Structure formats: C-alpha cells, structure tokens
Amino acid sequence: MQLLQLIISGIAQGCIYGLIALGFVLIYKATETVSFVQGELMMLGAFIGLACMNFLGFPFWLAVPCAIVAMALFGVLSERVVIRPILGQPAFSIVMLTIGMGYVGRGLITMVPNIGTETHTLPVPYKDQAWNVGALVLNVEQMVVIGSTAVLSLLLYAMFKYSKLGIAMQAASQNQLAAYYMGIPVKRLNGLVWGLAAAVAAIAGLLLAPITFVHANMGFIGLKAFPAAVVGGFGSLPGAIVGGLIIGIVESLSGFYLPDGFKDTAAYIVVLLMLVVKPNGLFGERLRKKV
Amino acid sequence: MRFIFKTDYNQDIRLAKHGGQVFWYSGLLVAMLLAPWGISEYWLAQLTLILIYGIVGLGLMLLAGFTGQFSIGHAAFLGVGAYTEAVLTGAGVPFPLSIAAAGALSAAVGVVVGLPALRVKGVYLGIATLSFGFIVEEVFARWESVTGGNAGKHVKSPEMFGWTLDSGPQFYFLCLLLAIAATLAILNLLRSPTGRAFVAIRDSEVSAQSMGIHLARYKTMSFAISAALAGVGGALYAHNLHFISPEQFNILQSIDLLLMVVIGGLGSVHGAFLGAIFLISMPQVIALAKDWLPSAIGQAPGLQGAVYGLVLIAFVMFEPLGLYGRWLKVRTYLQLFPFYRRGLFKRQKSFQKSERLR
Chain A
1 MQLLQLIISG IAQGCIYGLI ALGFVLIYKA TETVSFVQGE LMMLGAFIGL ACMNFLGFPF
61 WLAVPCAIVA MALFGVLSER VVIRPILGQP AFSIVMLTIG MGYVGRGLIT MVPNIGTETH
121 TLPVPYKDQA WNVGALVLNV EQMVVIGSTA VLSLLLYAMF KYSKLGIAMQ AASQNQLAAY
181 YMGIPVKRLN GLVWGLAAAV AAIAGLLLAP ITFVHANMGF IGLKAFPAAV VGGFGSLPGA
241 IVGGLIIGIV ESLSGFYLPD GFKDTAAYIV VLLMLVVKPN GLFGERLRKK V
Chain Z
1 MRFIFKTDYN QDIRLAKHGG QVFWYSGLLV AMLLAPWGIS EYWLAQLTLI LIYGIVGLGL
61 MLLAGFTGQF SIGHAAFLGV GAYTEAVLTG AGVPFPLSIA AAGALSAAVG VVVGLPALRV
121 KGVYLGIATL SFGFIVEEVF ARWESVTGGN AGKHVKSPEM FGWTLDSGPQ FYFLCLLLAI
181 AATLAILNLL RSPTGRAFVA IRDSEVSAQS MGIHLARYKT MSFAISAALA GVGGALYAHN
241 LHFISPEQFN ILQSIDLLLM VVIGGLGSVH GAFLGAIFLI SMPQVIALAK DWLPSAIGQA
301 PGLQGAVYGL VLIAFVMFEP LGLYGRWLKV RTYLQLFPFY RRGLFKRQKS FQKSERLR
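Line by line, the protein sequences are chains A and Z.
No gaps in the numbering here: position 225 of the first sequence is 225 in this note's numbering, and each next residue is one more.
No gaps in the numbering here: position 326 of the second sequence is 326 in this note's numbering, and each next residue is one more.
Isolated chain A, as found in the complex (with noise of 0.2 Å):
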C-alpha cells in the first residue's frame, strides 16, 4: 500500500514534469531549438493566476482561464519579438536567448516590490482535501493534478489528430520547406506553437501552485523536465508525457527507498543512463543524414 502511496504521489509530480516537458516537446518540433525559458513561464502563469485571484478579485475559475489566455498571448508575442528575427541561425543562440529570458522572466518578478521576493499560496478551492479510497489517502490536488493532465493530452491528442490547425503544425515539424511550399504559413504557426506552449506551461504552474508555492524561483522545476522530455524522447509529444511519468515515479521511488541525496539527482542518473542505453528516448525515431 505504501508502494501505491508512492506511486501516486510520484504520478502526480510526473504530470507536471511532463506537462512542461511538453512545451519543450512542442517548440523543438517546431522551431528544432529547446526553450530553456518553458519554466519560467510556468512561473508567470502562476504569477499571473495569483495576481488574477488576489488583486482583481476573480473566482477560481474565471483565473485560470485568464491566465492561461494571458500566457498564450505572451507566448506568441515573445516568439515575434525575440525569437522569429534570430531563425535559422545556430540552434545554440536560441537556447542561449532562452536562457536569457528566463533571467529577465525571473529578475522582473523578483523585481515586483513586496511580491516578488516572498511565497505565495494560490487560494484554490480544493486545497487541503482528500480522499479516503481503502487505506489509500489521496490527496486531492494531487488527483486534479492527474486529472486535468489527462484531458489536455487527450485535447492535445484531438488537436493534432483532427484538427486542421494541428495537422499544419504536425505537416510543418516534419519538414518547414515542404509544408511552406505546399501553402502552410510556417512562422505565423511557429507563432501559435509558441503560444501553445506557454499556455500548457501556464497550466503547469497553476496545477503544481497548490502542491508547492508560488515563487520567483518556482520556474528551477523546468530543469527536471529536461531529463523527461530526454527519456520520452525528444520530438515525441506522448513521449514527454510517458517520460515525466517515469521520471516523477523514479523520484518519488528513490526518494523513499534510497539514502539521502538520491531523490535530487534520480531524474539526472536515468536520463544519463537512457542517453547511453538508447539515446533517441523510449518514442524517438531514428533518422539518417544523408550527404
């Protein structure tokens, strides 16, 4: 039972690595750079959903829906401004300009007087709760954690599967030139992914608000989606899911089985191993240059 217990909790955390891992999923396949800044907007959506909800007075759910419309805009105006006039060049300078917005990102709201430096708890409504399910506690925002991942993967699986706007991104990630030639407007999609990406980062950081607090420096959990996005492999959306799951599990795992000092670096020691083992992740495909 305690092993269930563990899993669980480790589920739950794993929803968050592989939500953000998402957005890192989303932006390489489109833009074939990682975004180091995917944190840090997770960061600003809470923000923005805490600023919603204690300064403008709004209702939980009126919130979150402004914070991640407010996100998704972000993203899509950040890729105009800074990302689409450094396209095409070495995909070094953007993970280079992505580190940089995630310390202006971080600098900015510490900057905020009286706001930026302290902890925040976001008021939400099921705080605190939970279930008793046999001798299982769960915790209530844990579940809503799961839960709401499980509907935006199946959303995001009907979008990309169904939708015209989905297969264009899809038709576009597979090959810019060919989908540019065949009428589909690359940068404006490159655009939308972005915003597509800050958008499910602000739902991240919503989600994990009530789990942890909210913070200038909550956006450092950015790191260990790295090691999920890696395991799921890299251009694979279910991958990053699959993978934030291994990883949250692993960590919850070692956190209780392992001595000390474990817990911080399992997500690290896999995502090493994996990179040996098989380094194009569990959902990676192969490909060849040719020359």
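Hints in this document: simulated from the structure, not taken from any laboratory.
Bear in mind the structure is a predicted one, so any value in this text is a computation, not a measurement.
Quick reminder that beta carbons are idealized off the backbone N, C-alpha and C, glycines included.
Warning: the hint list may mix true and false statements.
[To be verified] In silico lysine-lysine, DSSO-like type, Cα no more than 27 Å apart, as pairs: (1) A:LYS278 - Z:LYS121; (2) Z:LYS329 - Z:LYS17; (3) Z:LYS121 - A:LYS29.
[What the hints assert, rightly or not] So these bits of chain Z aren't anywhere near chain A, every CB distance computed over 10 Å: (4) GLY27; (5) SER131; (6) ASP166; (7) LEU176; (8) VAL285; (9) GLN304; (10) THR332.
We have chain A already, so just place chain Z on it with the hints.
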C-alpha cells in the same frame, strides 16, 4: 591599412600575423606586469578574478567555440579542480604538484563525460552535461568526509618552494603566468592539426569524418583539454576565495560561464578574456548604475538577473559574434574607412535552414 601577402602555409599559421600585433601584445604584457603598482588592491583583485575566469573561459571556448560541443555543466569541472586543490594543499602537497593534479583529475572526469557525449550531440549533449553538473554538485554536497559537505571547506594559500603566495600581487602574478601559459597553449593547439580537426568537427561532423578525422578521439580530447583548463581555473578560484562550498559550482555558475563565452564571442581566443572582463565588471557597472536609477528600480533584488538576461538577449539578437565581433567590425570600419559596406559581416539569410537530421 596593412596588406599581408601570404605565399606560404606557414605564414598563415604564424602566431603573430605582423609586427603590429607583437607591439600591442607586448604593450599589454608590460601593462599587466606593472598593474600591481598602478592600481588599487581592490581592482587588482578584480583583475585576478578576470584572469581566473579567462582561463576557464579559454577551456570552454575550445569546447564550445571551436569544437562545437556545448557543455551546460562546466561548473562541475571547475568544482572538481577546486576540491582537488583544496584537499591536496590541505595535505601539504606543494602547489605545482597540486595544480597539476587538479588539472589532470578534471581532465579525467572530462574524458568520462566525453565518452557518452560521443553518442549524443546538440540538444542531447547539452542535457547530458546539465545532468552531469547536477550529479557532481550533489556529490560535493554529500561526500562530507572529503568536501566538507554544505558547510564548505577552507583552502590554504598556495605554497611553492618554501614561499607562501597569499598577498594580492604575488597571487596575481601566479594567475597571470598561468593565464599566459594557457593562452599560448590554446593558440598553439589551434594552429596545429589537432586544432584544425576541432574546427572541422564544429563546422560539419559528417564532412570531418569523411576527411579521416577520428570523431571519438578528437571530441574526447576536446572535452579533456577543456576540463583540464577548467580544473586549473577552479584550483585558482579556490585559492582566491579561500573557501569553497557546493553551491559555488551549481547550474547558475555553469550558465554564467556559457554566458561569458557567448558574450565574449564564440570561436575567438580574445572572446574568452573579453567575456571574463564583462562577467566580472558587470556587477560593478550595475552597482554604479543603481545610484542614479530611481530607488524603486535600483534597489530591487532582481535587477542584476534582469540586466544579465537583457544583455544576453541583445547580444544573441544583434551581435552574435559577441564583444570580439563588435571590435572586429569597428576595426574593419576604420581600416576600410570610406569603403565600409553595410552588412559586411552579415550572415546569409537563413530562414528555414535546418540542423535537424532529415
């Protein structure tokens, strides 16, 4: 304007291209040697720190700028060097031996990291080195019998041939000597076949391989040399601070090092030192700026991070060649004066250019 008509390959790889360079670098050397008598103790300490970061930056420049292998965990090598030095000097080993050991141990760790790096590249390599950095930081924090854990560890002053090099000028000269040695070593390496192999790997792995370059050997070598320089830099860093703890070698330090080489100018030896000057002087500039900024902005705690980020974004967007690239442009403008064309250094428009395997 100076015209150099090259007729020979040896002319092309000569260390100093023309007499002007010899003149200016000698001038710089003399200025550096006289610096302890000319500037205050505080600025001498900053200059020492610049030299130390310059050594580390040279290593990372070789790896990232010349071999095209990005390491987002370079602070780990710095840490390995620093802890080795702390342990060895604590045990009474003389400085020349202990710093050699610090470099060698870091190089060995670099080889260990370099080996898995053979299978992965680009983004994956970044994440592998990132993971490595986290694991090493955790090891520093947990291996208390050697590293002192989170409580940190004191480092003795370097001792050499019966002298203790603790006061400012002495330690400064030590760092200067090592920085010059490292620079010459890297310059000589870059004009040797090995250096050309590194650059070939950076430009295209596939074509480098088809030219008969043993990818595995050269990539590992690059990691080892880079890590060795980081280790030497880390050892000096430990002596400089007299105290080390695991959080000095965390991911933020690694990113600072990357920021240093990118802002300095990837793919140039000058860039390593220009980046170090930038990294060390930036906090001072921000501190000065605080005085005439409105206090609501000037006193805010996040200011430094935000400014760092903005500068980094500005460099990537507007000056991808870094500080050294800016200097090249200024120099070329002056040399060509009436004939400078706009966009002389512009990269080819490369929208939709792809590095992805396809």
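Violated constraints from the hint list, given by number and in increasing order = 5, 9
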